[in-house]
Amino acid sequence: MNDIGEIGAGALDAGELGRSSGFLDACRRYLADRGIPEQEFPLFYCRLSETLLHRGNPERAVECARVAFELRPQAEETAHLCAWVFSNCGCHADAAAAYERLLKFRPSWVEGHRHASGSFAAAGQMDRAIVHARTASDHNPSSFEFAMHAGCLLQSARLFEQAADYFARAASIQPGEPSPLRHWSAAKFALDQHEDAVSLALQALSLGPNDCGNAVHAAELLLRTGRFDVALELISETVVRNPEDVVSLRLLSEAQMLVGRPEDALGAIDRALAIAPQMAEYHLHRANLLYRLGRLDEAAEAFGHAAELDPSNPDTKRSQLTVYFDTGRFTEALAIGGELIKTSPDNEEYAQAVLQILNRRFETLEADYVLLSEREVRPRRELRPPPGLLARLRTQGRVIQALIIRESRTRFGDSKLGYGWALLEPVLHIVMLSLVFAVMMRGRPPIGDEFFIFYYTGIIPYHLFIHTSSSMTYAISSNGSLLQLPLVGTFDVLMARGLLELLTDTLVATILLVGFGAAGLGALPHDFLGASAAALVVWLLGCGCGFINAVVNAFAKSWDKIWAQLTRLLYFCSGIFYVPGMMPEWIRDILAWNPVLHAVDWFRASFFEQYEPHWLDRSYLSAIAVVTLLAGLGLERGLQRRLHEPL
Amino acid sequence: MIMLDGVTKVYRTRAGRKTVLRDVDAVFQSGHNFGILGVNGAGKSTLIRLLAGSEAPDRGAITRYARVSFPLGFGGTFHGALSGRENVAFIARIYGARIRSTIDYVEAFSELGDYFQMPVNTYSAGMRARLAFGICLAIDFDVYLIDEVTEIGDQRFRRKCAEAFRERMLRSDIILVTHNPQTMRQYCDRGAVLANGDLTLYDDVGTALGRYHRLLQENN
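First to last, the sequence lines map onto chains A and B. Residues 526 to 1172 in this note's numbering are what the first sequence lists, from first letter to last. Residues 72 to 291 in this note's numbering are what the second sequence lists, from first letter to last.
Misleading hints may appear alongside valid ones.
[Stated by the list, open to error] Partial pick of chain A residues on the chain B-facing surface, computed with a CB cut under 8 angstroms:
hint: 1; residue: R580
hint: 2; residue: P910
hint: 3; residue: G913
hint: 4; residue: L915
hint: 5; residue: G922
hint: 6; residue: I929
hint: 7; residue: S1006
hint: 8; residue: Q1009
hint: 9; residue: L1010
Calculated directly from the structure, the hints in this document are not laboratory data. For each residue, glycine too, the CB sits at the ideal point set by N, CA and C.
Only chain A is shown next, with the shape it has when bound in the complex (with noise of 0.2 angstroms):
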């Protein structure tokens, strides 16, 4: 067989030229034609195999190996050289079972245990490499390379306390070694042996300094146990000594955040993301800080990296969606909420966060999109026609009735008795100066028998004036927040106070008559219809002057005090406590401008037949009245917009 070598060599060139029909085949018939026993078949397969690899052509050389392997499998040569074809060529399959062969032969073959072992492991089979693992090192417990894989694959395959078996051996066998240590303190770290696990860290950490890993594993495990501040001095050691090392920069800010350095480290992470800007994980460390830190729109943002570069972690979205809720920005959060939903449907809790970001929409938009889409189906309405007169006149009806009861509740809102003191006050004020005047002339009124029915039929005309002129002047100025309804105009506010004077008026003069008849002071007018034209007429004429008082005032904010002398002039100048025709006629000629005397006038000469005043004249004070009030209405019609401020 010493020309094997040439033989393939032509095998090799009569399967390149077979290529058509296949490569083994070209061989079978380049062996056939050469003469060459089949007993040695395996053999050339195997050298064949060895030379294809060789000239780099792994998947031949695999083709070859296996023929070799499936021809000749008892034979220990054969075996070995297709176990190292296929392990070379990363079958590592093929491998293993070659090697489970060959160990057949060579039960006691410890590197074939291991390299069994490291096929396995490469093939997936984690048990059957951990197996040949550990007899591997078992049968050879001096060598450490044995140890240490043994502990590997052992503490991959989560067996963590058989691992830690093989670390300390591994360790024993090479003391200065800090590698086994380390291994040996995750080992430990996971089988909760948490000082154990430490102390060999550090022993690690001792054994080799300058080795950044071991600092990383010793500080993220005093990290764990809660020893913050150790951690972060040594791992600030660490990255002073290696600024560039980005597991060291994330541990140093995940130290400084544990003792309570949130700005420091945020540094710290922000220097490792230069570094490795792709580590989804750096921008969720990051997104946390911010958070934390309160800087929740630069955290929204950080978590929205952090999943656009880990799109399977559906926890960074759920974070990004509590950024999103916390600030606020809904519509945000509910897409990203959506898209949490899609991806795991089966899942309460998000569909729980989607359901309180609708509820909080909801509530803070006030449902109002959902009013947009109910809009759609609604029937187009009626025009209405603008209001004719008579709707008008009916509206302007309610507003004035309304406006009296609301001034009637209000004239004495703090009182109990209320609209019962507008009525009480004139009646008694009107009995006390009665009295008072009764007693001054001696019981002997200028006219009739009883002094009060004479006192009465003055001051009831003048009061209807002064009442309705005065308080017309406040109307608008003690209604403006009742201005502001469209419905309610100034001409409305001033007539519902007129009126309310008039009725009042009237109520308190029939009470009156009411009582004097009770108290047999026989006392009506002889001429009802004159008694009610003179209150009607001397009403008008305080209208008017209601309505000019309104106006005035409303530009000039002291008339009322004006008006104020002036009633209590008029007072005097009325014949309300006297007749005028007690007085020198040239004062009676001057009195008689007065209007409000000629109203007195007139309502007394209704009560008393003998009393025929030759200065009466009721249709000076009827032209009085008359101009007053167009005056009046005309200049609250004029001046209307400029009367009361928008609130």
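With chain A fixed as given, assemble chain B onto it according to the hints.
Chain B alone, transformed into the frame defined by chain A:
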């Protein structure tokens, strides 16, 4: 439908005369909700008061082919010395609504408790707004005029208002003054921009908002 025909309104302030509307023709069609936009001081509140009829235009005419509410805003429409109940009775009377049932509705809606019997003077601004919302909803208006009061009360009350309005908006329109584009998009389907005495109506909210944003930029 509210029709403005050659309407001019000049507003007198201490700083001088300010023209809110200059010879404006416009029609607020029924069946649509309008959002009125305008920079501060453009006269949005005055426009709302003109539409309501609380103020009269200096020239021109405003015709309302609908029953229009009083302006629902922070300004007072109540008499301070009267109690909440008496104010409700007053407004019910002037609008010809049934007094008893209106009072009952507003009392339940506004959630003022004992304050309902107290003079309105003692109310906070929020309580007044609640009373105003209650009265406005108690009376059937065709068009509701709202002047920047979508943010009254606590969340629960706002929600209640929104629900009441949702029901009401099936029959009635609203004309709303607002600064908030979101509120505008969600309440309104048409927009109007008031600027420099000119009122422009838009068939969609987006165009109105775009014009408004350009105005804001020009002002800055």
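Outcome of the hint check:
no.	hint	result
1	R580	violated, 72 angstroms
2	P910	holds, 7 angstroms
3	G913	violated, 13 angstroms
4	L915	violated, 14 angstroms
5	G922	violated, 10 angstroms
6	I929	violated, 10 angstroms
7	S1006	holds, 4 angstroms
8	Q1009	holds, 5 angstroms
9	L1010	holds, 5 angstroms
Violation of the numbered hints given earlier is confined to hints 1, 3, 4, 5 and 6; the remaining hints are satisfied by the structure.
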